[in-house]
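Using the sequences and the hints, build the whole thing.
In terms of my numbering, the numbers along the sequence shown are unbroken and rise by one, the last being 275.
Computed beta-carbon distance windows for the label pairs:
#, residue 1, residue 2, range
1, 249, 226, 18 to 24 Å
2, 271, 250, 27 to 33 Å
3, 266, 245, 28 to 34 Å
4, 268, 241, 27 to 33 Å
5, 220, 262, 16 to 22 Å
6, 246, 217, 32 to 38 Å
7, 248, 228, 19 to 25 Å
8, 269, 233, 17 to 23 Å
9, 270, 227, 16 to 22 Å
10, 251, 271, 29 to 35 Å
11, 242, 268, 29 to 35 Å
12, 221, 243, 34 to 40 Å
13, 233, 267, 15 to 21 Å
Keep in mind that the hints were calculated from the coordinates and are not lab data. Beta carbons are placed, not taken as given, at the ideal position from N, Cα and C, and that holds for glycine.
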Amino acid sequence: MALESHVAELTRRHEELEKRIERELLSPGSDDLHITELKRRKLRLKDEIEKLTLASPQAA
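The structure is reproduced here in structure tokens:
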């Protein structure tokens, strides 16, 4: 159960970053480096979610 809640929290943070990236892209004068960093963080979360999901006993 703890794994499920951890994955749910990571998924929530991933979605939050997605919304933040969308807002930044729509904002005039947005910082490309900042957006790139947000995208990297989002990708790291996605990788972590996939790793945990594949490693869980329920994935088999």
